[in-house]
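Hey, can you work out the whole structure from these sequences and the hints?
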Amino acid sequence: MPKAAISTNFTAAVDRRRNLWKTEAAAGHDVPRGFHPFAASPLTIDEGPALRPVTDRRMALARRAIQEIRGPALARRILPGLPLTLGITLVYVAVIVLLPLGALIFKAASLGPADYWTIVSSDRAVASYRVTMLCAAAATAFNLVFGMALAWVIVRYRFPGRRIVDALVDLPFALPTAVAGIALTTLFASNGWFGGALSALGLKVAYTPLGIIVAMAFTSLPFIVRTVQPVLEELDGALEEAAQTLGASDGEIFRKVLLPQLFPALLAGLSLSFARSLGEFGAIIFIAGNQPYETEITALLAFIRLEEYDYPASAAIASVMLMAAFLMLAITNILQTRALRYTVKG
Amino acid sequence: MATAPKPRNRRPPRIGEKPIFRNGLIAIVLVLVLLVIVAPLAIIGVQAFSKGAAFFAKSITDRDTAHAIWMTALTALIAVPINTVFGVAAAWAITKFDFPGRRLLLVVIEIPFSVSPIVAGVAYLFVYGLQGLFGDALQSADMKILFALPGIVLASLFVTAPFVARELIPLMQAQGRDLEEAATSLGASGWRTFFSVTLPNIKWALLYGVILCNARVMGEFGAVSVVSGNIRGQTNTLPLHIELLYHDYNAVGAFAAASILASLAIVTLIAKVALERRGAGRVRRPALAGPGLAGPTLETTEPGMSKP
Numbered sequence: 001m002p003k004a005a006i007s008t009n010f011t012a013a014v015d016r017r018r019n020l021w022k023t024e025a026a027a028g029h030d031v032p033r034g035f036h037p038f039a040a041s042p043l044t045i046d047e048g049p050a051l052r053p054v055t056d057r058r059m060a061l062a063r064r065a066i067q068e069i070r071g072p073a074l075a076r077r078i079l080p081g082l083p084l085t086l087g088i089t090l091v092y093v094a095v096i097v098l099l100p101l102g103a104l105i106f107k108a109a110s111l112g113p114a115d116y117w118t119i120v121s122s123d124r125a126v127a128s129y130r131v132t133m134l135c136a137a138a139a140t141a142f143n144l145v146f147g148m149a150l151a152w153v154i155v156r157y158r159f160p161g162r163r164i165v166d167a168l169v170d171l172p173f174a175l176p177t178a179v180a181g182i183a184l185t186t187l188f189a190s191n192g193w194f195g196g197a198l199s200a201l202g203l204k205v206a207y208t209p210l211g212i213i214v215a216m217a218f219t220s221l222p223f224i225v226r227t228v229q230p231v232l233e234e235l236d237g238a239l240e241e242a243a244q245t246l247g248a249s250d251g252e253i254f255r256k257v258l259l260p261q262l263f264p265a266l267l268a269g270l271s272l273s274f275a276r277s278l279g280e281f282g283a284i285i286f287i288a289g290n291q292p293y294e295t296e297i298t299a300l301l302a303f304i305r306l307e308e309y310d311y312p313a314s315a316a317i318a319s320v321m322l323m324a325a326f327l328m329l330a331i332t333n334i335l336q337t338r339a340l341r342y343t344v345k346g
Numbered sequence: 001m002a003t004a005p006k007p008r009n010r011r012p013p014r015i016g017e018k019p020i021f022r023n024g025l026i027a028i029v030l031v032l033v034l035l036v037i038v039a040p041l042a043i044i045g046v047q048a049f050s051k052g053a054a055f056f057a058k059s060i061t062d063r064d065t066a067h068a069i070w071m072t073a074l075t076a077l078i079a080v081p082i083n084t085v086f087g088v089a090a091a092w093a094i095t096k097f098d099f100p101g102r103r104l105l106l107v108v109i110e111i112p113f114s115v116s117p118i119v120a121g122v123a124y125l126f127v128y129g130l131q132g133l134f135g136d137a138l139q140s141a142d143m144k145i146l147f148a149l150p151g152i153v154l155a156s157l158f159v160t161a162p163f164v165a166r167e168l169i170p171l172m173q174a175q176g177r178d179l180e181e182a183a184t185s186l187g188a189s190g191w192r193t194f195f196s197v198t199l200p201n202i203k204w205a206l207l208y209g210v211i212l213c214n215a216r217v218m219g220e221f222g223a224v225s226v227v228s229g230n231i232r233g234q235t236n237t238l239p240l241h242i243e244l245l246y247h248d249y250n251a252v253g254a255f256a257a258a259s260i261l262a263s264l265a266i267v268t269l270i271a272k273v274a275l276e277r278r279g280a281g282r283v284r285r286p287a288l289a290g291p292g293l294a295g296p297t298l299e300t301t302e303p304g305m306s307k308p
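These protein sequence lines are chains E and G, in that order. Okay, so the first sequence: first residue is 1 according to the working numbering, each after it adds one. Okay, so the second sequence: first residue is 1 according to the working numbering, each after it adds one.
If you're looking for bench data, these hints aren't it; they were derived computationally from the structure. Nothing here was measured: the structure is a model prediction, and the numbers come from that model. There may be inaccurate statements among the hints.
DSBU-like mimics (lysine-lysine), calculated; alpha carbons at most 35 Å apart, straight line [said to hold, decoys possible]:
#1 Lys58(G) with Lys256(E)
#2 Lys204(E) with Lys51(G)
#3 Lys144(G) with Lys58(G)
#4 Lys203(G) with Lys272(G)
#5 Lys51(G) with Lys272(G)
#6 Lys272(G) with Lys18(G)
Following this line, the structure appears as structure tokens:
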């Protein structure tokens, strides 16, 4: 047979197989794994090498054969160590994380609904919820603007000291809260660097709700920066360019093109920041003044009840904080799951 | 999943490039960073030395302060290795195997991040305290857990439990199981596989997690203040001792002690940046327990670490 004829025959055979495969798949038949137009197929075709398709049944046979030769190591679960590592993990999580939280819930539940309600709805407790939530909201609002600007500047601009600023963003996480607390208190006390200037303006920060806001804003600042930053880095410049060629102004582009893309990450950062502010203790108690009904946060109230040996009240208030934390955890999870849609590439 | 490494030379951003806006925004942000982040750091140093170096030296060598430093170091020496072992075990179990409830386990591991330290402290009181679950048993066995070192260590363990696991899980997930499976099929034991195959790939991320964990253990205040009992010279860790000095109107002494922890924070930040250059901390699972366990949300920037 002439060379050209062989080549044409072969191509024609391949084409035929490919078409067969396509019609087979289109008809909804299960095309077996390993089925390839260049390999042989269960469909009868007379040309080509007689390779047999890899079906699930054959795979199972092969696996069983390997298992018989080499022992179970090469079966589905190849790696060792599951009992050991999973055992350590489950025991540790049970003893260190779940046992104490369970004990707290048990203690709070043993109060009975009437007593529990009396404690958690007492005037002082409700006032502490109000102070905590309002201050956390204000601190989060500040962080929204400042954190967003900080992330924008770090990602979009190149200037001397950019890397130092980038590293400094994490300082509030690295600095122990008690240290942050005394530093902020000294800064904002009426004889401090900031306090002096602010009191000339008639503003008192230390020992007022403003102080709580300052402490909360400081300790939760990194959350918004660190959730927005990666999304901002990944933004597609082409969208901005398109908007620009269509004649949109910078402000419009930011609001209508960038903000919708950043929005999920911003929301996730906001909820993390708010949750952290709700639970913050160390930095706040130094600067807050801690007056009941005025500047007493919920965490401090739980602590004070403990020092008064009023354990049931402490358990009840702590359980409210725990529920708030779980609620925020759920919200954050939902928001971050949605935020992911915009960070997933390709 | 982004298989190609992230392009380094992106096109210039389109908006916000007008010089007035750009320079104005940079200036505002820098001033705010100075006021909000740098000033608190600076005042610690200024206050610590406000009565001279001699007073500073006297403050930090004071008997009670020295004991607090020792307590803090001891707590970290116990708690950090335990949480490292836990983090590695959890990461191995979660990333190398498929089992039902994996995602739930991830959420549970990260619970301590969302629980207020005060709540953690109070919760431990109801386990090991006199009013707690084991209170009677512990008392009859004459074991002291609360208001002693074990209580401080336990509270620290709770607060920092997720640190190492959180760094390792996304990275090991992204690296897959191929290398370990190859090592095992060539006859390496589990330990050998871990030490010669897995560990070299995760060492920087592991160190990163350990350093962050250590910083948090040494700086923890809320949870420890509930369980330690604040006994001066006995169960005071450094952060608690700072509070004590501060409320004793010994602000300079408090700041001297605080300067030790602030230095630790700066060292931590520097180590963090150095490790991030080696690729640690880059692979992030943005959600606590989102769909993110699977590949697409993970992203590596170091080419050597990305899955082919």
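(Q) Please verify whether Lys203(G) and Lys272(G) have alpha carbons no more than 35 Å apart. (A) 14 Å, holds
Q | Pair hint Lys204(E) and Lys51(G), alpha-carbon separation not exceeding 35 Å | A | Distance ~27 Å between Lys204(E) and Lys51(G) Cα, so the pair holds.
Q. Is the Cα-Cα distance between Lys51(G) and Lys272(G) 35 Å or less?
A. With a Cα-Cα distance of about 33 Å, the restraint between Lys51(G) and Lys272(G) holds, given a limit of 35 Å.
(Q) Just to be careful, I want the Cα atoms of Lys144(G) and Lys58(G) compared with a cutoff of 35 Å; is the pair within it? (A) 33 Å, holds
(Q) Hinted pair, alpha-carbon criterion (35 Å max): Lys58(G), Lys256(E). Please report holds or violated. (A) With Cα atoms ~60 Å apart, Lys58(G) and Lys256(E) exceed 35 Å; violated.
Q) Do the alpha carbons of Lys272(G) and Lys18(G) lie within 35 Å of each other, as the hint requires? A) Measuring from Cα to Cα gives roughly 34 Å; hence the hint holds.
Of the numbered hints stated above, the single one contradicted by the structure is hint 1.
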